[in-house]
Amino acid sequence: MTASPLDIALFAAKLGVVFFVILTMAAYLVLAERRILAWIQDRKGPNRVGPFGMLQPLADLIKLLTKEDFIPSAADRWLFLLAPAMAAIPAILTFAVIPFGAPITIAGRQVPLLIADLNVGVLFFLALSSIAVYGMAIGGWASNSKYSLLGGIRGLAQLISYELSMGLSLVPVIMLAHSFSLTAIVDAQSTVPFIVYQPVAFIIFLISITAECKRIPFDIPEAEGELVAGFHTEYSGMRFGLFFVGEYINIIVLGGLATTFFLGGWHGPFLPPVVWFTIKSLAVAFFFIWMRGTLPRLRYDQLMHLGWKVLTPLALVNILATGWWLALAAS
Amino acid sequence: MEQIIFYILAAVAVIGTVLAISEKHPVHAILYLVTSLFAVAVVFYLLMAPLVAVFEVILYAGAIMVLFLFVIMMLDLGHPEKGFSPHWREWLPALLLSLVSIASLVMVIVSRHSQLAVPAAQSIPIREVSRRLFQGHGVAVELISLQLLFALVGALYLGKQQASSPGLPPSSAPERVSGSEEKSP
Numbered sequence: 260m261t262a263s264p265l266d267i268a269l270f271a272a273k274l275g276v277v278f279f280v281i282l283t284m285a286a287y288l289v290l291a292e293r294r295i296l297a298w299i300q301d302r303k304g305p306n307r308v309g310p311f312g313m314l315q316p317l318a319d320l321i322k323l324l325t326k327e328d329f330i331p332s333a334a335d336r337w338l339f340l341l342a343p344a345m346a347a348i349p350a351i352l353t354f355a356v357i358p359f360g361a362p363i364t365i366a367g368r369q370v371p372l373l374i375a376d377l378n379v380g381v382l383f384f385l386a387l388s389s390i391a392v393y394g395m396a397i398g399g400w401a402s403n404s405k406y407s408l409l410g411g412i413r414g415l416a417q418l419i420s421y422e423l424s425m426g427l428s429l430v431p432v433i434m435l436a437h438s439f440s441l442t443a444i445v446d447a448q449s450t451v452p453f454i455v456y457q458p459v460a461f462i463i464f465l466i467s468i469t470a471e472c473k474r475i476p477f478d479i480p481e482a483e484g485e486l487v488a489g490f491h492t493e494y495s496g497m498r499f500g501l502f503f504v505g506e507y508i509n510i511i512v513l514g515g516l517a518t519t520f521f522l523g524g525w526h527g528p529f530l531p532p533v534v535w536f537t538i539k540s541l542a543v544a545f546f547f548i549w550m551r552g553t554l555p556r557l558r559y560d561q562l563m564h565l566g567w568k569v570l571t572p573l574a575l576v577n578i579l580a581t582g583w584w585l586a587l588a589a590s
Numbered sequence: 063m064e065q066i067i068f069y070i071l072a073a074v075a076v077i078g079t080v081l082a083i084s085e086k087h088p089v090h091a092i093l094y095l096v097t098s099l100f101a102v103a104v105v106f107y108l109l110m111a112p113l114v115a116v117f118e119v120i121l122y123a124g125a126i127m128v129l130f131l132f133v134i135m136m137l138d139l140g141h142p143e144k145g146f147s148p149h150w151r152e153w154l155p156a157l158l159l160s161l162v163s164i165a166s167l168v169m170v171i172v173s174r175h176s177q178l179a180v181p182a183a184q185s186i187p188i189r190e191v192s193r194r195l196f197q198g199h200g201v202a203v204e205l206i207s208l209q210l211l212f213a214l215v216g217a218l219y220l221g222k223q224q225a226s227s228p229g230l231p232p233s234s235a236p237e238r239v240s241g242s243e244e245k246s247p
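Note that the protein sequences, when read in sequence, are chains G and P. Its first residue numbered 260, the first sequence is counted upward by one per residue in my numbering. Its first residue numbered 63, the second sequence is counted upward by one per residue in my numbering.
Think of the hints as simulated: they come from the structure by calculation, not from any bench. Since this is a predicted model, take the numbers as computed values, not measurements. Any given hint could be a false lead.
From the structure, some residues in chain G lie toward chain P, with a derived Cβ separation under 7 Å [as the list claims (entries may be wrong)]: (1) M313; (2) L352; (3) V379; (4) F383; (5) S389; (6) A396; (7) I412; (8) L415; (9) F439.
Glycine residues also receive a C-beta, built at the ideal position from the N, C-alpha and C atoms.
Assemble the whole structure, with the sequences as input and the hints as a guide.
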């Protein structure tokens, strides 16, 4: 394997740009959420720091960095320190397989606009999404507090409920695209996005990823009305910030995945591909915020009921119907 | 380059597994085991088997270990690290048996070292794996899925039985449920 310095430089530049853009978008998504929620609830929201409150994320960052990093005396010290990173890293890693634009040509080389085109891309996403729960569970357990522990256990139970329906809702996409690679899935949607063929799978996937990023109506692990703040009750300063930013990075990444699987990826008329990808991803993120401003929280057992008795059977029937349709279309 | 990565991963896997066995606290042991599984998954990726690597993480680290963690956190064992150490009479048979298996593994590796197949130079596509699996071993796949279904129905039956008859001794029924689930992987 020989790589020229130019290739390595291009790859490093791509990594740097992606990292910077995701972190900045996550920070401004927090601001956007606060402003949109304020708008839904007929308030003004943060509008004092900079024009229209645009510098609020910076002020929040400085506040979080200068706060005391508190460790409870009865906590499991090392796991308590490690857990926020375990929560944030899988979210960032998932973005590695998402194609966010059409391949571009720089200095005579074709540069694909994604970090790694794995031929098991869909499974890579499912693997990372199932280990993302460790940060939450370990953080809740290591805090040695009853609220945190309950939050962690709820997080694990939630994962068991939605993971299966999320995986099954992606099977029809793979059947239509004939590939596990996200690039091939986007290419298969160059004319018609899969949401047209698979509206049921899209709805199941959307509900499952809402549970995946622990948003209302599925914010059961942190349920501030019942569990103080759930698994991150005992965290302060930048460690809390890491959990918090991890959640928003997750929203952006899952928005990007919903775009890739169902909304046609970066394909779209008139505008450049990267712009289309950003618009579609942010539309999904806006939908999450809208839901938060509209819906009440589900109960623990209601989520399990929904996941196991409604979404999973529905996804299985959908797979069967898709297979039947594909077999009829082939004959 | 790949050799260096392999040796680092192999060391992580072995040390992680040893620590998972020697660690008395179950949550720590689970984390060591997950670390070891990750290292093994990346080794599979280096061996040009991305599908096996991803399944290793999805099934073992993402499903089975998460279930273990869930059960351990639900039971809340307190401070098991302050408990008694097992007596040598208890661990001696285990040690002897593991010595036998390690010795036979070493013998097999030493005797077959020259005939070892060279790993595929390029990654095996998923299409090829599934074709081999479902065309060549279709009956076996069906048998395994039927057995999983039996285990599921059995676990459901035992769980229902316990819920409907409270007179049942509480210690025996959950044991049988967990026993039938163990068969499934």
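Going by Cβ atoms only, is I412(G) closer than 7 Å to chain P? holds, 5 Å
Under 7 Å is the threshold here; is the Cβ of V379(G) close enough to any Cβ of chain P for the hint to stand? holds, 5 Å
Interface restraint verdict for S389(G) against chain P (beta-carbon cut-off 7 Å): S389(G) check passes; min Cβ-Cβ to chain P is 3 Å, inside 7 Å.
Let's test the interface hint: is any C-beta of chain P closer than 7 Å to that of L352(G)? Violated, about 11 Å.
Evaluation of the interface hint that places F439(G) against chain P, nearest CB under 7 Å: It holds, given that the least Cβ distance between F439(G) and chain P is near 6 Å, below 7 Å.
Hint check, L415(G) versus chain P [nearest Cβ-Cβ separation less than 7 Å]: holds, 4 Å
Does F383(G) meet its interface restraint, that is, does its C-beta lie within less than 7 Å of any C-beta in chain P? The hint holds - F383(G) has a Cβ within 7 Å of chain P, the shortest such distance being about 6 Å.
Interface hint outcome for A396(G) [beta carbon to chain P under 7 Å]: Constraint on A396(G) satisfied, holds at 6 Å.
Interface hint check: M313(G), Cβ to nearest Cβ on chain P, cutoff 7 Å. Holds or violated? violated, 39 Å
Violated hints, in rising order: 1 and 2; the structure is consistent with all others.
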